[in-house]
Amino acid sequence: MKYLLYLWMVACMACVGCSNDHPPQKVDLSKREPARIVDTDDAVTYAYLPQYSHSVSYERHYLLVKYLEEETGYRIRQIFPDTFDEHMRMVGQGKVDISFSNPYVYVKMAHRYGEKAFAQVVEASGDKNFRGEIICRSDNTSIKTLEDCRGKRLIAVDMTSAGGYLYPMSKFYDHNIKRQDFSEIEFSPGPGGKQEKVVLAVYAGQFDIGLIREGTLNVVANRIDISKIRVVAYSRYYPGWVYSARKNMNPEILQKIKDALFKLSPDTSEHQMILQKAHFLRVVPSSDAEFNSVRKLMDVVGIDLDK
Amino acid sequence: MTMMKPGIRGKIYCGIIAVVLLTGVLIAIPVRIMVEKALLHESLNKGVSMALMLAARSQDVVLGMDFLYLKEMIDRVVQSSRDISYAFILNQHGQVLSHTFHNGFPVALRTVNPIAKGRTSSIQYLDTGKELIYDIAVPIQIDGLPIGAVHIGLSKTKINRTIHSLLWTIGVLIGCSIVIACLAGAGFANQVIRRVLNLHRASEQIMKGDLNVVTAPALKKHCWDLMRCSNERCPAYGELQQRCWYMEGTLCPTCKEGEYAEKGDVCKTCWIYRTVSGDEIQALSESFEAMTQSLKQTISKLEDSREAIEISEKKYRRIFEGSMDMVFAANIQGAFVDVNQTGITMLEFSDKQSLLTSWRFSDIFSLPDDFVRIQQELISVGFVRDREFILKTRAGNERQALISVSCQGNSDGAVAICEGIIKDVTHRRNMELQLLQADKLASLGQLSAGVAHEVNNPLGLILGFTQLMLREEPEGSQKFEDLKTIEKHTRNCKTVVEALLNFARKTETRKAHVDVNSAIDQVVMVVAHQFEVSGVEIQVQYEPLLPRVLGDAEKLKQVVMNLVMNARQAILKTGRIAISTEHDVRRRQVVIRVKDSGAGIAPQILPRIFDPFFTTKPTGQGTGLGLSVSYGIVKEHNGDIQVLSEPGKGSLFSVVLPEAF
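These protein sequences, in sequence, are chains A and B. Residue numbers 1 to 307, in the working numbering, belong to the letters of the first sequence in order. Residue numbers 1001 to 1661, in the working numbering, belong to the letters of the second sequence in order.
Everything labelled a hint here was simulated from the structure, so no lab data went into it. One thing to keep in mind: the hints can contain errors.
Chain B residues, not near chain A, derived (Cβ > 12 Å throughout) [what the hints assert, rightly or not]:
(1) Asp1066
(2) Ile1309
(3) Asn1331
(4) Lys1423
(5) Leu1470
(6) His1513
(7) Pro1547
(8) Lys1573
Just some of the chain A residues that point at chain B, by a computed CB distance under 8 Å [said to hold, decoys possible]:
(9) Pro24
(10) Val27
(11) Asp28
(12) Lys31
(13) Arg32
(14) Glu33
(15) Ser53
(16) His54
(17) Ser55
(18) Phe80
(19) Asp82
All C-beta atoms in this analysis are idealised placements derived from N, C-alpha and C, irrespective of residue type, glycine included.
Model the full assembly from the supplied sequences, consistent with the hints where possible.
Next up, the structure:
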């Protein structure tokens, strides 16, 4: 009995001893202020076409934005449009000074708002061009060739996506398979993460085939077992992502930004992390003329640049 | 006013209340502490989780600066739990992006809980004056780079209310437990008390001597029913009150033979036992009843045994006390524990108590060597049988005795008590000696008679021819003197031969009724004068009514003469010789006693005094035939001759002759 009492006392003391209550800090909640965000309109705005989520976009480009700030001496603010349309709209509204977009969107923005391409990125493949992929589930035995895709349910990234719609769709057109030959065409819901959502939709069996840009499977490799996804066909290579500037942008600022971007080299240790995060090897000069092939392709597919 | 002692019921109530209350308190205190800690910990964890989730979900929203969506998100968080008082989100510059406060954002909260670099959360305990709050801050990070922070205010005051409500619940539960325990205890107590009272009444009944008690209720399940047994010879069959495992001689195949002590352990493994045995009090009642029955039987057996023991005790006491030999018991210390009446008499004690208290086993041995020898044998062998020794009485008298003793050991093997018998064989030994003497003398008599008969005839011829030759020789001649010498010595030889023949009873005896007193008188008249001259007084005391004996008067006178002459020779200078006669009416015997005050006879030569030619006198002064001739004459008259002598005090010779019919 005596030992039981001792045990109880020790348990109580242990419980009390383990308590980590500190005396509370006095705070006065009576003094209030309205919520107010500091105005940042004087900054150069930088937007990355939201093919992925905002956080992925931020993660990929925040080092680059910081680098540009340091190199040019200007305040540069990354902004995050929710959709491709919003991106284009913001460009049209002059809210985006530097746009990093795919060629499809660029062609549209150039056509509509006079956006000027000045650089292209060289991706991990070592080429500044890229291609699209037509994917299905590995265990889908009904799809072996492109012909088998007729009558199937299709999901693409966006009507405005180059790698996730335009380029792989051109592959179907090369084989005389038109949009109306599919039983259903759906686009990935937004905002953000649209490429990944296509893969996930096919993986879940919601759609038979999906259209994505090359490299997307690696992005989702840590979320799903990508061995369950099979690539049915690749498109031809077309121009890749492009840096463009607002029509009326200060040439001096633009030049400094160009210089800074072209200066990025994978051989420079300080730039390696920036480029690795941004998922490209370097930035090379480019011009609007390099995107004529895309314009032609859009015409073939029947895309109206004004819509 | 005296306080009533609490009964079992009261004690059970008090005990239950005390135990439940104490247990409740003992549990409630640490439980309160632990619950408070666990709840707080859980709430903080929950708050941190919610903040982390909000931070994760708000990454894109913060980047997209979607304030409406942010507001919806934090409002939903605050509404999701009543413990959360507020939530707000700061951007990387510490500016408030969204909050749940009305009438503006409290300035103090913006900086009250900064998140240290590298930390995934920060908790700050705040006192707003109205309530206690844990401010939980979690950074909104992308690739390890903070782009803002989520703050959630967790109300400690509301958590405390939950804890108090829990403690109230515990208190109510303890109260309910006490009530339920008391009700259960009452039922239990009633059962226990009723059964204990039954046992108490039964024990009082037993103390009054009535062993016919019933403490256990009648059995509801019976072994023969359960076993489907129909063996009517089994004592358990049909038994309605007693359990089979308490009964001896049950015939169940699984049963072990014997009483409960032998079979109990086996029975406890039997499925019948497991099926029908009750709780501890039931078992106690049944065993109490079985014990009573067993006690009853044991008492009955004991009474029978006691009677048998009493009979046996009387029998052996009779044998013990009536034994003609000394029977005794002595302990290991050598003290007598018990001695029979013969022993008391033999050792010359007046009563048993004085013998037991003053006389020890070692005291009965006249020779210490005898005791040591017997003691050693008892130690080594454990018994002695018919060992002869000289017994010493309390008065110092010695007796020849045979002892047989055996010792019994206790459970340790050590000697505990010795019991034995001592037989007085003094008389028997004397008889044996006398028989031996008689036998020896008879042999000697036969030998002597043969020799005497062979020698007597030649002696007669020598004497006759010597006398014939003397007639022819003139007196005074050398030849005449030589023949006279031959005649003289031949006559001496003839005298000796005749004495031997008398000893061997080979001489002619003419028996007639003899007046012993008169015969003695004639001898005394012959020697009285000579004795008086030499200073020896003769005293005569006759039995006036002495009957006559059948015998040869001359030979009897010769016996008396021999005894008187021996007495005279035993007195060195002056002394007294007492001669008396006595009539032993019971044995119809005439006793002649000759007692002297002489030197006495040494004990070692006493057995040899009747041997022919045995003498203590110098060579030439005696033939050594006097007592042996007397012995022969007395035996011829169917009598006996005995001697008692003590060196220095004299001797007493007794001649016993049968009276004439």
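Hints and how they fare:
1. Asp1066: 8 Å, violated
2. Ile1309: Non-interface label stands for B/Ile1309: nearest chain A Cβ at 53 Å, farther than 12 Å.
3. Asn1331: Non-interface label on B/Asn1331 holds, nearest chain A Cβ at 53 Å vs cutoff 12 Å.
4. Lys1423: Holds, because the least Cβ-Cβ distance between B/Lys1423 and chain A comes to about 74 Å, which exceeds 12 Å.
5. Leu1470: Fine: 138 Å to the nearest Cβ keeps B/Leu1470 off the interface.
6. His1513: 115 Å, holds
7. Pro1547: Non-interface label on B/Pro1547 holds, nearest chain A Cβ at 108 Å vs cutoff 12 Å.
8. Lys1573: For B/Lys1573, whose nearest Cβ neighbour in chain A is about 106 Å away, the distance exceeds 12 Å, so it holds.
9. Pro24: At 4 Å from the nearest chain B Cβ, A/Pro24 passes the 8 Å test, so the hint holds.
10. Val27: Since the shortest Cβ distance to chain B is 5 Å, the answer is holds.
11. Asp28: Since chain B brings a Cβ to about 5 Å from A/Asp28, closer than 8 Å, the hint holds.
12. Lys31: 5 Å, holds
13. Arg32: 3 Å, holds
14. Glu33: The hint holds - A/Glu33 has a Cβ within 8 Å of chain B, the shortest such distance being about 5 Å.
15. Ser53: Because about 5 Å separates A/Ser53 from the closest Cβ in chain B, which is inside the 8 Å limit, the hint holds.
16. His54: At about 4 Å, which falls below the 8 Å cut-off, the nearest Cβ of chain B leaves the hint on A/His54 intact, so it holds.
17. Ser55: 4 Å, holds
18. Phe80: 5 Å, holds
19. Asp82: Constraint on A/Asp82 satisfied, holds at 6 Å.
When each numbered hint is compared with the structure, a violation occurs for hint 1 only.
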